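*Asks:* Sequence:
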Amino acid sequence: MSITTPARRVDRTETPGVGPAREFNALFGWNVAFPAVGATVPLLGHWLYFHDHPVPSQLDEAGLPTESDVLPPAGPGTRRVLGGGRINFRHDLLIGEPAVRSSRLVGTTHRRGRSGELTITTLEHEISQCGRVCLREQQDVIDRSGTGPATLASAVARPGAAGDVPIDAITLFRFSAVMGVAHRIHWDENYAQKVEGYSGLVVPGPLQLIVATHRVRELRKRPIRSMTFRFTSPLTVGDGMVLSCDDTSAQVSDANGRVTCWMRVDG
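Numbering-wise, this note's numbering puts 311 at position 219 of the sequence shown, and it's gapless, one number per residue.
Hints were generated in silico from the structure; no laboratory data involved.
None of these values were measured; they are calculated from a predicted model.
Heads up, the beta-carbon is just placed ideally off N, CA and C, and yes, glycines get one too.
One or more of the hints may lead you astray.
Unchecked claim - Label-pair distances were calculated between CB atoms; the ranges are:
| id | residue 1 | residue 2 | range |
| --- | --- | --- | --- |
| 1 | V110 | E310 | 38 to 46 Å |
| 2 | P164 | A254 | 26 to 34 Å |
| 3 | N282 | V147 | 18 to 26 Å |
| 4 | D103 | G188 | 16 to 24 Å |
| 5 | V162 | P190 | 17 to 25 Å |
| 6 | A118 | D152 | 39 to 47 Å |
| 7 | H145 | R182 | 22 to 30 Å |
| 8 | G330 | G255 | 33 to 41 Å |
| 9 | G188 | D144 | 29 to 37 Å |
| 10 | G199 | D152 | 38 to 46 Å |
| 11 | L135 | F265 | 36 to 44 Å |
| 12 | H183 | F265 | 38 to 46 Å |
| 13 | P164 | F265 | 16 to 24 Å |
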């Protein structure tokens, strides 16, 4: 069932800074000296900015915010994850220039998944800078009932050649810090295992997507203008991380071939 909700727009202004972009590059082993003021924010680096800044009383036991300017509160006994989305890149986002992110709630869908009842809320973010829209993104945020790790429908075809991607607890900690994410499943192994039922620390979906998308961009040798992505199953540090891609799509899987993330270029 789909529910169309009134569009309530929330604007947030920030000037993309050099520090987060350099830390982003350092985390992935890219050129740490770049970027500088006036340079382009790295691909998917818009996630470095426009964060919420909750005080301790605004975080729950899991480290997730209990309040949102746009999202409705999660229901009791539910868990909230980012299920996927779509991004349209129109113009480069520049470091050192003020930018505005306008966010609105697009709609909500209720359905039953393999892990229980699902509520899928679609958010739209539009980032503008220098008088023009640079990026438009829709995110599908999933609230699910029940306990244990969630599994959504997975992709089937494996694109291109596969290769292992090193991943460890230090990388997860640094990624959580630069992205402003306090969710304990990414840095508190005891909590991830004993409370949420994972086999170890959970690799953030956006981290998987960033690695995959940058590799596709390298193979394309030209910009990505639009893309679709999905996070389909949890990936933990001990599972191994395998990247398979060509110049139009990519997927991440664990060492046993279970797909955890996929993306495709739409333009």
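*Asks:* Indicate, hint by hint, whether the structure satisfies it.
*Replies:* Checked hints:
Between V110 and E310 the beta carbons are some 23 Å apart, a value that contradicts the proposed interval 38 to 46 Å. At roughly 40 Å, the beta carbons of P164 and A254 sit outside the given window of 26 to 34 Å. Roughly 25 Å separates the CB atoms of N282 and V147, a value that falls within the hinted 18 to 26 Å. Between D103 and G188 the beta carbon distance is about 20 Å. The supplied range of 16 to 24 Å therefore holds.
Taken as a hint, the range 17 to 25 Å holds for the pair V162 and P190, whose Cβ atoms sit roughly 21 Å apart. The beta-carbon spacing between A118 and D152, approximately 31 Å, falls outside the hinted interval of 39 to 47 Å. The given range of 22 to 30 Å is respected by H145 and R182, whose C-beta atoms sit roughly 27 Å from each other. Under the hint 33 to 41 Å, the C-beta atoms of G330 and G255, about 19 Å apart, miss the expected range.
About 23 Å separates the C-beta atoms of G188 and D144, a value inconsistent with the hinted range of 29 to 37 Å. For G199 paired with D152, a C-beta distance near 25 Å fails the hint of 38 to 46 Å. Our hint of 36 to 44 Å for L135 and F265 is violated, since their Cβ atoms are close to 23 Å apart. In this structure the hint that H183 and F265 lie 38 to 46 Å apart at CB is violated, the actual value being about 33 Å.
In this structure, P164 and F265 break the distance hint of 16 to 24 Å, their C-beta atoms being roughly 30 Å apart.
The structure fails hints 1, 2, 6, 8, 9, 10, 11, 12, 13 (numbered hints given earlier, in ascending order).
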